[in-house]
Amino acid sequence: MLIELSGVSKIYNQGRANEVRALTDIDLGVEQGSMVCLKGPSGSGKSTLLAIIGCIFPPTSGKAAIADRQLARLPDRFLTLHRRETIGFIFQRFNVLPELTVLDNITLPLLPLGVPPKERKLRAQELLKRFGISHRAQFPAGQISGGELQRVAIARALINNQPIILADEPTAHLDTTLSREFMEIMQQLKAAGKTIIIASHDPLVFEHPAIDRTVTVKDGRIHVP
Amino acid sequence: MAQTNLEKQLNILDYALSSLWRRRMKSLSVLLVFASVIFLLASFQMVTQALSDKAKQVLAYTPEITLQKMSAGRQEAIPLAYKDKLAGIFGIRRVVPRIWGYYFDEVLLANYTVMGMNVDEMPESARLDTALASGRMPTPDEQGRVVIGHSVKKALDLEGRNTFSFFRPNLSLKAFTVSGEFSQGTDILTNDLIIMNLADARDLYAIPAGMVTDLCVYVANPKEIDTIARKISEALPGVRVLTRPQIQKTYQVVFGWRSGFGSICLLTALAAFVILAWDKASGLSPEERREIAILKVLGWETSDILAVRFWESVIVSGLACVVGMTAAYIHVVYFAASLFRPVLMGWSVLRPDLHLLPRMAAGDILLILAFTVIPYLAATVIPAWRSATVPADSALGG
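From first to last, the protein sequence lines stand for chains A and B. For the first sequence, our numbering begins at 1 and goes up steadily by one. For the second sequence, our numbering begins at 1 and goes up steadily by one.
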């Protein structure tokens, strides 16, 4: 298993008046090269689960191992280093920096790695070509279309060649055509050996044939029908 | 590893530059305010130093010891006969009588400094001849000849003529002819000065024969000034003895006090700016929070984000320093420090048209940096810590 969660719970603001239990006793395994959809309504705990898998924060209790690395009690700095090497993120609304050029947005994850400008540009141009948006390289990201924006977000998630792609509600603000296009690209990435987890409650995503497994999250627990 | 770290810092610097460019209106306004504060502080420092230097230069012309007679705490004329009482004091090279006074021009509302002395009697080094731009000093037997300062010429409107008249105390007129003019380089001393021989000064002020206002004492060895001054005090108990180092100290104190007063006002402005910078840096807009969260999810550490803030502040403050100090230099050299002249140059009616040459020692530059760049860095980088700890998960959905 590339991702293995066992008895994972997450409590925000533990011990305080505003304590929130977001996840309870989650067991989840994801095999390398598979595509999993985390399905559930807003506030169900999908994003928290994605954040734990994405090494953004460790679980409050339980065991979480991502690419053979135990995350529980790992200091913030090591979580970040592990995330850089292992995880590529695609956000809801794609979260690009609108004033930066498309090329600069894509290369953002490479800056703290000390990758020289020439190599950064080379890697980004390769991805821009692959996704057919080379002509937009020097455009401010705030001035390109939704479809192009989604490709920029995917290119950014792939720039460091991370083995795992996490997508948080990627089709929430896309029309049907763009949502289908997004899933086609995910299918290609899966075929290329990437492990993909998508948090979504969009039927276009969880009913897509490329999805190997759908996991329903409800009230912070994995719901078995 | 070292190469990667260097590349990483260069990448972060590159990002900081692009970040400043993206917020160029905000960056430019901070830069302008900051550069203005540095400009004011540096101008003040430069002009104070330049004036102190100038004062030191011109004080070289003053006698090593000046004697004045005091009565009831006020100065009065001193008898020339006192000169004889000094004859026995070893180390005195020369004693030159002088009449020093002021003449208020009621028509022009200008105040001139009048100095009457026989220039031939003065030692070579103090003769003021070297301060002349044109003409020559009046000799003791030439009646009504004067050498004037730059502003006196302007005030009396002597462009097309070289004669003018002053009123004696009995309101009769005394005519003068200009025989020379002081150079502008010595303006701080000679700007409002009129030099004439002793007889003419006595005549103008109606000072009785055998009396003068001061006796100028020149000594053979400047290291013995204090000893000789003490001996003079003992020999002439009712006489005020002023030494050149004392006068120099007074000048320094006056400039120091004025500069200190100005500096306090400017430091208050600086403090206000730093508080504003702190306030700006500690408050985060939703866009800034979002940007930080995105960067953190993409693998940026808190220290990387702090480094961006640090470089942004270094770039802004470095640029502000260069702009502020260059502007200050131009202000002092080409505009004669017009903003601060009223504060630093006293309240004389005829203000000198000074050509100042600023001197900035490494210590002064460090002082300005310490009072401007360091507080700014502290005011922007310390609160940035708070902003850099925005949780990465805030970039994710609910």
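Hints listed in this document are in silico derivations from the structure and should not be mistaken for laboratory results. Beta carbons: idealized from backbone N, C-alpha and C, even for Gly. Heads up, a few of these hints could be off.
[What the hints assert, rightly or not] Simulated coverage check for chain B against chain A, where a stretch passes if three residues somewhere in it have a Cβ under 8 Å from a Cβ of chain A: (1) 13-21; (2) 288-296; (3) 300-312.
| field | Within 8 Å of chain A (C-beta), three or more residues of the region 300-312 of chain B | value | holds (count 4)
| said: How does the region 13-21 of chain B fare against chain A when you require at least three residues with a CB closer than 8 Å, holds or violated? | reply: holds (count 3)
| query | Under a C-beta cut-off of less than 8 Å, do 3 or more residues of the region 288-296 of chain B approach chain A closely enough to confirm the stated coverage? | reply | Held - the region 288-296 of chain B has 5 residues with a Cβ nearer than 8 Å to chain A, which meets the minimum of three.
Figure legend: structure checked against the earlier numbered hints; every hint is met.
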